[in-house]
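Visitor: Okay, here's what each chain looks like letter by letter:
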Amino acid sequence: MFENLLSGFDQVFQIYHLIGLLAGILIGYFIGAMPGLTPSIGIALIIPFTFTMEPVMAMILIVSLYMAAEYGGGITAILLNAPGTPAAAATAFDGFELTKRGEAGKALTISIVASAIGALISSILLIFTAVPMASFALEFGPTEYFALAIFGLSLVSSLSQESLLKGMLSMLLGLLIITIGLDPVMGTPRFVFSNGLFEGVPFLPALIGLFALSEVFYMLENVKEKPPKEEKLKGIGAPLSLFKKMWLTLLRAPILGYVIGVIPGAGTTIASLVSYNEAKRVSKQKETFGKGNPEGIAASEGANNAAVSGAFAPLLALGIPGSASAAIIIGALTIQGVQPGPLLFTENPEIPYSIFAALLVGVPIMAIVGLSGVRLWAKVVLIPRSILAVFVSGICVLGAYSYSNSMFPVWVMIIFGIFGYLLRKTNVPTTPMVLALVLGAMMETNFRRAITVSGGDYTFFFHRPITLVLLILSIGTLLLPIIQRFRKSRA
Amino acid sequence: MKICKRFSVLIIFTFLIIFSAACSSTSSSQGEADYPTKEIKLIVHTSAGGPTDTMARKLAEQAEPILGQKIVIENKPGGSGATQMAALKAGDSDGYTLATITPSHVGGWNSNLKGQYSPDDFAFVSRVQLDPYIIAVNAESEFETLEDLVTYMKDHPGELKVGGYGSVGSGHNIAWNIFADAAGVDAVWTNYESTTDAVTALLGNHVDIANSNPEIVKQYVDSGKLRVLGVLSDKRLESMPDVPTYEEGGVDVSTKDWAQFRGIYTNADVPEDVLDKLSSAFSKAMETQEFKQYMQDAMMEPGDMDHDEFTEFINQQMKVNDEWLTKLGIN
Numbered sequence: 001m002f003e004n005l006l007s008g009f010d011q012v013f014q015i016y017h018l019i020g021l022l023a024g025i026l027i028g029y030f031i032g033a034m035p036g037l038t039p040s041i042g043i044a045l046i047i048p049f050t051f052t053m054e055p056v057m058a059m060i061l062i063v064s065l066y067m068a069a070e071y072g073g074g075i076t077a078i079l080l081n082a083p084g085t086p087a088a089a090a091t092a093f094d095g096f097e098l099t100k101r102g103e104a105g106k107a108l109t110i111s112i113v114a115s116a117i118g119a120l121i122s123s124i125l126l127i128f129t130a131v132p133m134a135s136f137a138l139e140f141g142p143t144e145y146f147a148l149a150i151f152g153l154s155l156v157s158s159l160s161q162e163s164l165l166k167g168m169l170s171m172l173l174g175l176l177i178i179t180i181g182l183d184p185v186m187g188t189p190r191f192v193f194s195n196g197l198f199e200g201v202p203f204l205p206a207l208i209g210l211f212a213l214s215e216v217f218y219m220l221e222n223v224k225e226k227p228p229k230e231e232k233l234k235g236i237g238a239p240l241s242l243f244k245k246m247w248l249t250l251l252r253a254p255i256l257g258y259v260i261g262v263i264p265g266a267g268t269t270i271a272s273l274v275s276y277n278e279a280k281r282v283s284k285q286k287e288t289f290g291k292g293n294p295e296g297i298a299a300s301e302g303a304n305n306a307a308v309s310g311a312f313a314p315l316l317a318l319g320i321p322g323s324a325s326a327a328i329i330i331g332a333l334t335i336q337g338v339q340p341g342p343l344l345f346t347e348n349p350e351i352p353y354s355i356f357a358a359l360l361v362g363v364p365i366m367a368i369v370g371l372s373g374v375r376l377w378a379k380v381v382l383i384p385r386s387i388l389a390v391f392v393s394g395i396c397v398l399g400a401y402s403y404s405n406s407m408f409p410v411w412v413m414i415i416f417g418i419f420g421y422l423l424r425k426t427n428v429p430t431t432p433m434v435l436a437l438v439l440g441a442m443m444e445t446n447f448r449r450a451i452t453v454s455g456g457d458y459t460f461f462f463h464r465p466i467t468l469v470l471l472i473l474s475i476g477t478l479l480l481p482i483i484q485r486f487r488k489s490r491a
Numbered sequence: 001m002k003i004c005k006r007f008s009v010l011i012i013f014t015f016l017i018i019f020s021a022a023c024s025s026t027s028s029s030q031g032e033a034d035y036p037t038k039e040i041k042l043i044v045h046t047s048a049g050g051p052t053d054t055m056a057r058k059l060a061e062q063a064e065p066i067l068g069q070k071i072v073i074e075n076k077p078g079g080s081g082a083t084q085m086a087a088l089k090a091g092d093s094d095g096y097t098l099a100t101i102t103p104s105h106v107g108g109w110n111s112n113l114k115g116q117y118s119p120d121d122f123a124f125v126s127r128v129q130l131d132p133y134i135i136a137v138n139a140e141s142e143f144e145t146l147e148d149l150v151t152y153m154k155d156h157p158g159e160l161k162v163g164g165y166g167s168v169g170s171g172h173n174i175a176w177n178i179f180a181d182a183a184g185v186d187a188v189w190t191n192y193e194s195t196t197d198a199v200t201a202l203l204g205n206h207v208d209i210a211n212s213n214p215e216i217v218k219q220y221v222d223s224g225k226l227r228v229l230g231v232l233s234d235k236r237l238e239s240m241p242d243v244p245t246y247e248e249g250g251v252d253v254s255t256k257d258w259a260q261f262r263g264i265y266t267n268a269d270v271p272e273d274v275l276d277k278l279s280s281a282f283s284k285a286m287e288t289q290e291f292k293q294y295m296q297d298a299m300m301e302p303g304d305m306d307h308d309e310f311t312e313f314i315n316q317q318m319k320v321n322d323e324w325l326t327k328l329g330i331n
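If you're matching them up, the sequences are chains S and E in order. Counting along the first sequence from 1, when you hit position 33 you're at 33 in this note's numbering, and nothing is skipped either side. Counting along the second sequence from 1, when you hit position 196 you're at 196 in this note's numbering, and nothing is skipped either side.
It is worth saying that the hints were derived from the structure and are not from the lab. Backbone N, C-alpha and C define an ideal beta-carbon position, used for all residues, glycine too. It is possible that some hints are incorrect.
Stated by the list, open to error - One-sided and incomplete, this derived list gives chain S residues near chain E with beta-carbon spacing under 8 Å:
1. Asn195
2. Gln285
3. Ile335
To be verified - Chain E residues, not near chain S, derived (Cβ > 10 Å throughout):
4. Glu64
5. Glu74
6. Gly169
7. Glu215
8. Asp222
9. Lys225
10. Asp252
11. Ala298
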């Protein structure tokens with residue numbers, strides 16, 4: 001194994017591979033930062049260019065792009081409340097609050113450090129556990145996925161800041177939106193009044209609208225407001241003592257992110273939300289989460305970067321894609337004439353080991369690119385609001401359009417922008433809705449699949465251990481904050 | 001400041017790339033006698049990297065020198081093909097806008113897109129390949145042959161679970177139903193979002209059977225995790241010489257009944273001689289060594305049909321699909 005790993009490093013350190021690595025990181029960095037361009041879209045865009053490359057080069061480019069894009073998503077989440085990727089939504093909770101306080105540079109530094117630590121720890125985990133973890137992924141059948149979705153949705157009670165009722169309302173609205181589209185079992189249209197809705201409301205344009213465009217409307221309200229004072233950044237941008245204080249979060253986020261990333265279909269978004277929730281749950285200062293707590297950023301960013309490595313475990317060991325991006329990577333490998341699957345490690349060992357090496361070598365490069373960008377990005381908040389608003393709405397339209405190279409998602413984005421603005425005006429949190437949009441389809445499809453498989457037996461869910469554990473965890477996650485709140489109000 | 005400048009150059013550069021990708025050129029119509037005189041657009045209804053996209057790119061690559069013009073691939077996923085159909089309809093009718101077609105299109109015209117689009121709106125240029133349907137089971141299962149499976153299912157109707165891509169009425173679902181109907185058996189269809197997902201479920205023993213395609217199971221068969229019992233094909237596959245066809249396994253179904261095909265289509269009023277030109281160019285492209293190599297690597301079966309044959313084939317598939325949608329209670 002170490003021999004293979006060394007030859008992997010040997011591959012990556014060849015000069016043209018290093019250039020590919022750097023190029024992948026830079027492209028990924030910008031793709032991630034652009035709301036609407038997700039890592040999977042970025043990979044899909046780069047694939048045609050990899051046709052003429054040799055497989056190792058293609059993989060190095062794609063892997064570094066994937067990893068950097070997952071980090072880049074946090075930049076605009078922090079600066080503009082416009083998550084560049086869905087997984088960065090949780091980064092915006094505290095990141096944007098820090099920006100509003102004029103501490104954008106600090107927030108950005110935390111996000112890059114946490115991302116780098118997340119990527120590093122999870123890459124090491126991946127190298128040693130890819131094969132056993134992949135068989136864990138196979139344990140997930142319909143009931144497990146259903147329970148996982150329920151667990152994700154149960155985060156609503158801790159993600160709705162003030163009013164649980166409003167949080168629930170937001171989540172239920174999201175679940176209602178999920179019913180639009182073709183019925184997953186019968187294929188009949190439900191509330192489909194336009195062809196673009198056959199596959200449901202396009203998620204990413206909706207997300208851009210909910211977060212970014214609604215923020216534009218807020219900016220327009222306060223055009224006259226002066227931008228915050230320029231922040232004085234020392235050293236790397238945040239004191240070392242800050243990282244020491246949250247070492248536990250920095251360590252826990254990657255492990256959580258990696259394990260969730262391994263489960264096919266769960267993905268980076270759930271990883272970052274679960275990690276965020278976990279950091280908040282164990283924190284002594286729960287009330288500061290969502291109001292600019294640096295640990296919130298670290299929890300989210302550490303986990304979503306770790307989930308990238310997690311998604312590689314079933315991909316490399318079994319040829320099973322753990323995420324949309326991983327599915328596209330399988331496509332890219334197939335085009336190269338390499339079939340990912342159980343034989344990959346024996347037939348093409350250079351592929352997995354150069355991916356491992358690329359992940360490890362890529363981390364410090366990503367950190368350097370990220371840290372050197374902090375001072376530049378932090379200046380974005382100094383741009384007068386009137387100009388910033390125009391600029392952000394421009395990226396919103398561009399991002400939505402690139403979703404399927406057509407105008408339909410742009411309209412969706414605008415409608416959700418207005419919708420998001422109205423929700424925020426009435427103090428209804430938008431995050432539970434995002435949760436529902438991410439998990440709703442997974443919950444419905446797998447519930448119905450489980451019922452089909454069990455022949456209509458509803459007790460089926462309680463016969464499976466992972467399912468049962470997840471369901472019990474969900475009840476705890478849902479009720480705990482309510483009980484705590486209740487106690488507080490009585491005390 | 002230096003870093004600042006470098007970064008702004010990069011930002012501008014990224015923007016330029018994105019803009020140029022987003023703005024596609026619109027084409028104006030020209031005479032047909034010396035077709036083609038400018039680049040041809042081929043709209044793919046799936047994202048980059050999938051089997052349909054790969055076919056389009058490989059075919060375009062080989063057809064470019066034959067036609068003497070560039071063929072530009074554009075991905076328009078979404079709406080179960082409807083986004084692509086709208087883009088095709090918005091294009092010209094002189095043969096410079098082409099698109100990919102699969103059984104999803106046939107299914108759509110018969111059900112959800114009925115009244116909006118029909119085969120009469122389009123012209124069918126070439127059928128390119130067949131991606132055979134196969135029946136796979138977990139290697140740990142007791143079923144060694146197709147006969148074993150059929151016998152067991154006859155004794156235990158409605159007990160086994162079949163995983164496959166798509167809801168009731170999808171291409172894979174109809175393929176399974178045609179098999180089950182001919183074999184006189186009954187099993188529970190469990191739909192998955194992709195064939196890969198269904199195969200993953202089979203690996204984890206969450207379903208008993210997967211309705212799949214050869215390329216997706218190949219690695220698992222080679223590594224002894226899965227077993228392929230039968231293939232819907234007129235003759236055995238080169239890549240799986242030991243696997244009998246459904247017919248050899250005692251179930252009377254052929255690719256004339258139903259097949260997962262991929263091909264090229266365009267707008268209805270494209271002149272006949274342009275269609276012929278395209279059809280013969282694609283046919284030549286399919287004969288090149290590189291294309292044959294790709295077909296072999298991807299485990300696809302040759303399915304070349306010219307404009308007339310393909311049109312007839314589509315009409316026949318429309319009928320079969322409609323019959324099944326009625327039988328399954330969708331229409």
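Visitor: None of the hints should be skipped; say for each whether it holds.
Guide: Here is what the structure says about each hint:
With its C-beta approaching chain E no nearer than about 4 Å, Asn195 of chain S sits inside the 8 Å limit, and its interface hint holds. Violation of the interface hint for Gln285 of chain S is found here, the shortest Cβ-Cβ separation to chain E being roughly 36 Å, above the 8 Å cut-off. For Ile335 of chain S, the interface hint holds, the least distance from its beta-carbon to any beta-carbon of chain E being 6 Å, beneath 8 Å. Taking the minimum C-beta to C-beta distance to chain S, about 14 Å, the non-interface status of Glu64 of chain E holds against the 10 Å cut.
Not every CB of chain S is more than 10 Å from the CB of Glu74 of chain E (nearest about 7 Å), against its label as outside the interface. Chain S draws Gly169 of chain E into its interface by the beta-carbon criterion, the shortest separation being 5 Å against a cut-off of 10 Å. With a least beta-carbon separation of about 8 Å from chain S, Glu215 of chain E fails to lie farther than 10 Å from that chain, contradicting its non-interface assignment. Residue-level check failed: Asp222 of chain E sits 6 Å from the nearest beta carbon of chain S, not beyond 10 Å.
Not every Cβ of chain S is farther than 10 Å from the Cβ of Lys225 of chain E; the closest lies at roughly 6 Å, contradicting the non-interface assignment. Asp252 of chain E, annotated as away from the interface, keeps every beta carbon of chain S farther than 10 Å; the closest lies near 27 Å. Here Ala298 of chain E does not stay apart from chain S, with its beta-carbon only about 7 Å from theirs, under the 10 Å limit.
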